[in-house]
Amino acid sequence: MTEAFSAGHGRTGTPPARRWILAGLIAMSGIAPAMAAPRAAAPAPAPAAEAAGPDGAPPQPVLPEPAVPTFGALPAGVRPPQPVIGVFDTGEIMRQSVAVQQVEQEMGARREKLIREVRAEEAQIQALRQRMLNAPRDQAEIQQRALQQRVASDQQKFGERNRILQEDIQVAMNQVQREVAQVVNSIGKSRGLTMVVQSGLAVLHGPEVDISQQVVTRLNALLPHVYLPAENEDPEVIAKSGRFPTAPVQMPEPGPQDQQG
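Counted the way mature numbering (1 follows the signal peptide of the UniProt record, and there is no 0) counts, the sequence shown spans residues -36 to -1, 1 to 225.
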């Protein structure tokens, strides 16, 4: 800021804006012809250009900085109590949850059924394409249009079924996650824990602070199974029916197997 401010003053020590104002006053007073006679003065630069910094940007303003009260050291206070920490492993809790195991079994079967239907439809589409190639030109054009309509219909139909499948899983897992949160909170209060964290956030911890098994025991007792929409029953339609409270959909991040297809 100091360099830009000094450079703007020029070598004469008079600020550019002040020189420009002085020149204007001289011109208005009629002295300009007499002063300009000895030499041909170059046209005065525009004030905005002279006010610019070295890189062409406007210089930073220099503002006043009033003093503020000084805050001194505080007297020694009461030390807070030592934290009582609990740790839980979400992945292990989900693996041992009987409700989650039932969901995985049922939804795995639904997914395999959908995959079989998609593959069967792909085989039929391929057979129709081969038949179209061997058909006369006029019939081939008709078959091609019909085939395009069928493919578009298949994409919409199977896309909807896949969406329903994913949302069914989310409905089921949301129930488990909400119950886990309640169980963890209840165990934390009963043990007088002042901090409860997931094991993935702890670099190192001993088994004496791990409450995962307690969570699993109480979770399986409270929630041995969850509500799961029927096959091909749209969860969004269920939500609109008012049978249950609603919540925004939060789809889980795809795992390595999902990304590989």
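Among the hints, a few may not be true.
[To be verified] Taking lysine to any residue and the SDA-like style, the derived pairs with C-alpha atoms no more than 25 angstroms apart in a straight line are:
| # | residue 1 | residue 2 |
| --- | --- | --- |
| 1 | 153 | 166 |
| 2 | 153 | 174 |
| 3 | 121 | 86 |
| 4 | 121 | 174 |
| 5 | 77 | 87 |
| 6 | 153 | 168 |
| 7 | 121 | 73 |
[Unchecked claim] The following label-pair restraints were derived from C-beta to C-beta distances:
| # | residue 1 | residue 2 | range |
| --- | --- | --- | --- |
| 8 | 45 | 166 | 16 to 24 angstroms |
| 9 | 167 | 65 | 26 to 34 angstroms |
| 10 | 25 | 167 | 31 to 39 angstroms |
| 11 | 39 | 208 | 13 to 21 angstroms |
| 12 | 149 | 25 | 17 to 25 angstroms |
Treat the hints as calculated values from the structure; they're not laboratory data. Think of the CB as a built atom: it goes at the ideal place given N, C-alpha and C, for glycine as much as any other residue.
> Holds or violated: 31 to 39 angstroms for the Cβ distance of residue 25 and residue 167?
Replying inline: 47 angstroms, violated
> Holds or violated: residue 121 with residue 86, Cα cutoff 25 angstroms?
Replying inline: 13 angstroms, holds
> Within 13 to 21 angstroms or not, the Cβ separation of residue 39 and residue 208?
Replying inline: The hinted range 13 to 21 angstroms is violated for residue 39 and residue 208, with Cβ atoms some 56 angstroms apart.
> Are residue 167 and residue 65 spaced within 26 to 34 angstroms by their CB atoms?
Replying inline: 30 angstroms, holds
> Are residue 149 and residue 25 spaced within 17 to 25 angstroms by their CB atoms?
Replying inline: With Cβ atoms ~53 angstroms apart, the hint is violated.
> Is it true that the CA of residue 121 sits at most 25 angstroms from the CA of residue 174?
Replying inline: 46 angstroms, violated
> Cβ-Cβ distance between residue 45 and residue 166: within 16 to 24 angstroms?
Replying inline: 20 angstroms, holds
> When you check the alpha-carbon spacing of residue 77 and residue 87, does it fall within 25 angstroms?
Replying inline: Judged against 25 angstroms, a Cα distance of about 16 angstroms means the pair holds.
> Taking 25 angstroms as the top limit, are the C-alpha atoms of residue 153 and residue 174 close enough?
Replying inline: 15 angstroms, holds
> Is it true that the CA of residue 121 sits at most 25 angstroms from the CA of residue 73?
Replying inline: It holds: about 19 angstroms lies between the C-alpha atoms, which stays within 25 angstroms.
> Within 25 angstroms, alpha carbon to alpha carbon, are residue 153 and residue 168?
Replying inline: 23 angstroms, holds
> Under the criterion that the straight-line Cα-Cα distance not exceed 25 angstroms, is the pair residue 153, residue 166 satisfied?
Replying inline: 20 angstroms, holds
Hint compliance for this structure: hints 4, 10, 11, 12 are not met, and every other hint is.
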